[in-house]
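Chains A and B supply the protein sequences, listed in that same order. Under the working numbering, think of the first position of the first sequence as 1, with each following residue one higher. Under the working numbering, think of the first position of the second sequence as 1, with each following residue one higher.
In short, the hints are calculated from the structure, not lab data. From the three backbone atoms N, C-alpha and C, an ideal C-beta is built for every residue, glycine too.
Once the Cα atoms are required to be at most 30 Å apart in a straight line, the calculated DSS-like pairs of lysine-lysine come out as:
id, chain 1, residue 1, chain 2, residue 2
1, A, K59, B, K313
2, A, K6, B, K315
3, A, K59, B, K309
4, B, K252, B, K313
5, B, K252, B, K309
6, B, K277, B, K252
7, B, K315, B, K120
8, B, K315, A, K59
9, A, K59, A, K6
10, B, K252, B, K315
11, B, K313, A, K6
12, B, K309, A, K6
One side only, chain A facing chain B, incomplete, derived with CB under 10 Å:
id, residue
13, T21
14, A25
15, G50
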Amino acid sequence: MSEKPKRPFFLRRGPMENTATALIALGFLMMFQPFALALYTWSFITLLFGTLMFIVVSKFPE
Amino acid sequence: MAQPADLIGRAAAATPKRIAVKVKGMSDTAMAWLFIGPTMLLLLAINIFPLIWTIQLSFTNYRANRPNAEVENVGLRNYERILTDPDVWMTMQTTAQFVLWTIILQTVIGFALAYLIDRKFRGHAFWTTVILIPMMLSPAVVGNFWRFLYQPQIGLFNYIISFFTGVEPNSFEMLGSVNLAPWAIVIVDTWMWTPYVMLICLAGLRSIPDYIYEAAEVDRASPWRQFWSITLPMALPFIMLAVLFRGIENFKMFDMVVLLTGGGPGSVTEVASITLKRAAFEAWRTGYSSAFAIILFVAVFGLANIYVKALNKVKER
Numbered sequence: 001m002s003e004k005p006k007r008p009f010f011l012r013r014g015p016m017e018n019t020a021t022a023l024i025a026l027g028f029l030m031m032f033q034p035f036a037l038a039l040y041t042w043s044f045i046t047l048l049f050g051t052l053m054f055i056v057v058s059k060f061p062e
Numbered sequence: 001m002a003q004p005a006d007l008i009g010r011a012a013a014a015t016p017k018r019i020a021v022k023v024k025g026m027s028d029t030a031m032a033w034l035f036i037g038p039t040m041l042l043l044l045a046i047n048i049f050p051l052i053w054t055i056q057l058s059f060t061n062y063r064a065n066r067p068n069a070e071v072e073n074v075g076l077r078n079y080e081r082i083l084t085d086p087d088v089w090m091t092m093q094t095t096a097q098f099v100l101w102t103i104i105l106q107t108v109i110g111f112a113l114a115y116l117i118d119r120k121f122r123g124h125a126f127w128t129t130v131i132l133i134p135m136m137l138s139p140a141v142v143g144n145f146w147r148f149l150y151q152p153q154i155g156l157f158n159y160i161i162s163f164f165t166g167v168e169p170n171s172f173e174m175l176g177s178v179n180l181a182p183w184a185i186v187i188v189d190t191w192m193w194t195p196y197v198m199l200i201c202l203a204g205l206r207s208i209p210d211y212i213y214e215a216a217e218v219d220r221a222s223p224w225r226q227f228w229s230i231t232l233p234m235a236l237p238f239i240m241l242a243v244l245f246r247g248i249e250n251f252k253m254f255d256m257v258v259l260l261t262g263g264g265p266g267s268v269t270e271v272a273s274i275t276l277k278r279a280a281f282e283a284w285r286t287g288y289s290s291a292f293a294i295i296l297f298v299a300v301f302g303l304a305n306i307y308v309k310a311l312n313k314v315k316e317r
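Please build the complete structure, drawing on both the sequences and the hints.
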């Protein structure tokens, strides 16, 4: 019996949702950390990208 | 007494024929839209429209005190200024520290109180009401009376600390000291909002069926084991919910800080919402403050998203 072809990585909900979650967590830590201003500077774009990605990929089928 | 069928009949008879015919001809979907339409419109007007407008303003140099001045599009300059400003970075750290400590204290004390109240000892209903009182007070009232409690000369707080530690009551100032002022705010916020966490945890503890504990006792599980294997895992979704609500709320902490310290001494208690208010309504940099508000919104929204995901995973277990 032939197996159902797997969706490519970037269209699978599980791994993409985990990637988005990791980006949000990273962005959040970067925004509130007390160590480097450069990390703070790049935190918003990381957070925004992660959040938008989360909104999009959470609509993918399981 | 009139039967429900009679009432329905009378209501139908009282409806003007013109309207009755119109409603009768509506599909279920149209009826659903008719009911949710007003709420949707209200939400759009008070939530979505201001959000979109704020996003638009964040790319301009608009000033609310100069409504007739020419508004220029400045692109990402407002965002660039905020994200490269060491002072703003400092307020973010202050905010994070407040959120961290208030959540830790409120969760630990709130859960402990809920666990005690759930024992159903004599007078537990009375103590539940007493514990809930701080939550019911207005923040303005709380802020003002804690200012009196923290007074170094007449304040009760300093005398209590003096009683337990032997330190002179006049020798320290909770709101005037750089080291103590942040803790003064954390104490007040914890005092005020721990009952809220307790209430949510209590709902979680009361939802655990008794037969699970009975089965654990039959298996000779110790109270300690019952706590770690039954109570805590089953109350965890409720604890997480309380942490989410308090986390979102504490990121916006404003009233208590303004009433107690106003962001001082210096800027040690200046949280992000105070910086935002100063930029918006003291410096009148509306475009800049809109960009700042959007940055905070994205931070809280992103965190809430992953938190809800974690909460759903815990509930599935």
